[in-house]
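Asker: Here is how the chains run, residue by residue.
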Amino acid sequence: MRLKQPLLVYANVLLLVAAATALAAAVVSFATLDSVSAIYMLPVLVAAVRYGTGPAVMAALLGALLTTLFYPPLFNVKVFRLPQLIDLVTSLVVALVIGRLAGRLRQEMLRARNREREIRQLYQLGGAMAAAGDADTIYAEVASHMALALSRPVIVFRVSRRGEIETVRAPGGSAAPEALTAAAGDFARTEATTTASKVARVDLGGHGDWLLCRLGGKDRTDAVLAVALGDLGEVPAEELVAHASSILAEGSRSLERLGLSKTIEERNLRQRTDELRDILMESVSHDLRTPVASIMGAASVLAAAPAIAAAPELTGLAGAIGSEARRLDLRIQNLLDVTRIRSGALQPRLDTVDAADLINAAMEGAAANLQGRRIERHFADDLPFLRIDPALVEQALINVLDNAAKFGPAAAEIAISASVETEKLVIAVRDQGPGLDAGEREQIFERFYRGERHADIAGGSGLGLAIAKVFVEANGGTIEALSDGPNRGTTMRIALPLAADPPPLGDDDE
Amino acid sequence: MSEATRSTPPLLALVVDDEPEIRRFLRTGLEMRGFRVVEAQTAREAIELAVMRAPDLVVLDLGLPDADGASVLAELRSWSKVPVIVLSVRSSEAEKVALLEAGADDYIVKPFGMAELLARAGVVLRRVATRTAPAPVLRVGGLTLDLAQRIVSRDGVVLTLSPKQFALLRALAAHHGLVLTHRQLMRELWPHDPDEDVQYLRILMKKLRNRIEPAPARPVYVVTELAVGYRLRTQEQFDAAGYAMAMP
Chain A
0 MRLKQPLLVY ANVLLLVAAA TALAAAVVSF ATLDSVSAIY MLPVLVAAVR
50 YGTGPAVMAA LLGALLTTLF YPPLFNVKVF RLPQLIDLVT SLVVALVIGR
100 LAGRLRQEML RARNREREIR QLYQLGGAMA AAGDADTIYA EVASHMALAL
150 SRPVIVFRVS RRGEIETVRA PGGSAAPEAL TAAAGDFART EATTTASKVA
200 RVDLGGHGDW LLCRLGGKDR TDAVLAVALG DLGEVPAEEL VAHASSILAE
250 GSRSLERLGL SKTIEERNLR QRTDELRDIL MESVSHDLRT PVASIMGAAS
300 VLAAAPAIAA APELTGLAGA IGSEARRLDL RIQNLLDVTR IRSGALQPRL
350 DTVDAADLIN AAMEGAAANL QGRRIERHFA DDLPFLRIDP ALVEQALINV
400 LDNAAKFGPA AAEIAISASV ETEKLVIAVR DQGPGLDAGE REQIFERFYR
450 GERHADIAGG SGLGLAIAKV FVEANGGTIE ALSDGPNRGT TMRIALPLAA
500 DPPPLGDDDE
Chain B
0 MSEATRSTPP LLALVVDDEP EIRRFLRTGL EMRGFRVVEA QTAREAIELA
50 VMRAPDLVVL DLGLPDADGA SVLAELRSWS KVPVIVLSVR SSEAEKVALL
100 EAGADDYIVK PFGMAELLAR AGVVLRRVAT RTAPAPVLRV GGLTLDLAQR
150 IVSRDGVVLT LSPKQFALLR ALAAHHGLVL THRQLMRELW PHDPDEDVQY
200 LRILMKKLRN RIEPAPARPV YVVTELAVGY RLRTQEQFDA AGYAMAMP
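Protein chains in written order, with numbering that gives the first Met the number 0: chain A, 0 to 509; chain B, 0 to 247.
Worth flagging that the hints you see were computed from the coordinates, not collected in a lab.
In the DSS-like style, the derived pairs of lysine-lysine whose C-alpha atoms are separated by at most 30 Å in a straight line are:
(1) B:Lys163 x B:Lys206
(2) B:Lys206 x A:Lys423
(3) A:Lys423 x B:Lys205
With the hints as constraints, model all of the structure from the sequences given.
Answerer: As structure tokens, this is what we get:
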């Protein structure tokens with residue numbers, strides 16, 4: 000019931016009754032009326048509908064009093080008789096019933112109006128948050144909305160990933176009381192263990208009552224809003240909590256949506272990066288290697304041209320152009336391999352491969368660098384089949400062989416052995432180069448590592464063994480460097496997984 | 000290229016590549032060996048020239064601006080048996096296999112030297128020349144194959160082969176010097192069940208090598224193109240590999 004100006008209301012009731020009296024007087028001067036009580040029902044009805052039960056009762060009492068004026072003899076105030084008593088009771092009943100009904104109606108109307116306002120505000124909040132691009136904007140929107148809706152100051156605490164709490168918004172620039180910060184922190188942490196409700200009331204003694212509200216996604220708290228309850232007044236606490244909860248639900252939904260869109264954005268970014276990398280690799284591959292292919296091809300034509308073939312020093316030059324071009328191509332391949340590894344684009348395509356075929360192919364691939372070297376082969380008679388990506392492991396072996404050729408003395412032999420050891424094929428490449436000390440055994444597999452003693456012997460990008468290690472390990476193998484010490488040679492041991500037992504060959508009986 | 004120089008008129012090579020510098024050295028290198036050369040930069044030009052000029056050899060790059068080389072090959076193969084050598088890039092074994100099965104006669108990986116390409120050209124051209132009448136006896140190093148008599152011998156010693164092993168060797172000999180993919184060989188050897196496990200073929204190959212190769216772990220006659228297939232070397236390929244001195 001909203002009675003802002005009760006005096007004015009009762010004055011209005013008086014006016015209404017006076018008007019009814021005037022009307023009754025006017026009517027009785029022209030015609031006889033058995034009872035004017037019907038006319039006095041009018042102010043009761045109007046007062047009940049417009050002002051409620053109290054004013055209606057007043058109108059009823061006044062009306063009952065005044066009807067006595069109209070009982071014969073007219074305009075004489077008399078003592079109450081039975082008819083007046085009946086009029087009074089009837090008016091009072093009408094006043095009470097209609098007043099009650101009208102009051103309820105009015106309350107319904109007020110509630111409906113409030114709800115409509117809340118919905119409108121929530122709608123506006125939803126709109127504001129749909130436009131919010133980051134969590135802090137959402138906190139601020141929710142807080143200012145709640146402050147407006149509940150007509151109370153709201154303090155915002157942000158909860159970091161590690162559970163630390165920090166004030167981001169306090170009305171009037173005043174700092175939040177420490178006790179409140181601590182309570183908000185506790186509130187944020189409790190959720191981790193229990194599915195506590197979104198809202199809790201705390202009594203901070205000297206700092207008054209506060210409503211703590213949780214804002215966040217499904218299973219975490221992003222922020223805590225503290226609403227100063229102070230004097231609750233006539234608004235019931237449950238209504239306030241319900242109102243706060245609906246605002247929080249809206250805010251939390253927005254936060255979740257934000258998290259979701261962030262994830263989508265990150266994925267799109269990653270996808271674009273992948274595409275960009277593929278395009279880059281393809282174009283680098285094409286743009287760098289095509290000229291190299293032209294140079295190498297042209298050099299090979301020159302080397303065979305009759306005019307140049309007649310002059311050995313020119314043939315040598317043409318040959319050098321060709322072999323340098325091939326070296327350049329291998330370097331480019333190394334860089335592309337590293338790019339592929341770095342970007343996680345390495346996906347072995349497993350195939351069954353005869354171990355002997357693999358080693359032979361690698362030796363052919365490294366033939367240019369192995370030229371003139373004495374190669375000693377110690378192969379078991381019947382090498383098994385391997386389950387590997389042949390292209391990757393072949394490249395790894397080529398890099399290891401190149402390394403051996405680079406660092407071993409030109410006159411010394413390179414030994415290659417292959418044998419099965421505990422369910423793995425072990426390929427060992429031994430050189431008689433500068434060897435390794437304990438620390439170097441690990442370091443040589445790092446990118447761009449080049450040992451001091453080794454750098455004096457041969458140059459290189461320092462990528463070959465790093466690539467070999469990644470390629471071998473991507474195939475479920477291992478690679479390690481063994482050495483008896485500096486200047487006592489190096490052995491590279493590569494262990495590779497065997498293929499499952501081959502099916503029996505039925506139709507080739509011998 | 001003795002074939003090219005001896006033939007009158009000289010053989011015509013169609014070079015298909017969109018890179019002018021690649022075309023330039025291919026033209027010079029091929030002309031030095033007595034070929035006439037026509038050049039195409041695009042897939043459309045390549046097909047037009049193949050129709051108009053009926054080349055004896057096609058050198059086909061895979062990366063063309065208007066279509067990929069594979070579609071040129073497919074188009075060409077729908078009406079022509081002209082030998083095709085594909086120019087490929089490294090680490091695309093699956094692509095090589097697909098092209099060989101689509102009818103490419105051989106491939107060469109960029110970057111390459113002219114001598115390599117001419118050697119491959121020689122092999123594919125000889126195959127065309129002998130397509131109607133295959134040589135009854137093949138010789139590679141110490142290995143002699145008498146296909147008509149079904150006799151295989153090494154250094155004068157007759158070798159015993161199982162029927163399947165002989166069939167494998169004969170299939171390779173029918174494409175002497177060229178790569179046959181696993182699938183192509185499977186179709187040849189197990190015509191009723193070509194989708195059988197490739198492992199059967201690998202094991203059969205191991206057994207064949209145990210019979211014919213002097214050092215089976217390091218084959219010199221039937222060599223493996225890793226992840227692609229097998230090749231029975233020609234005498235020239237055998238000599239170029241320089242195995243005579245490397246034999247244990």
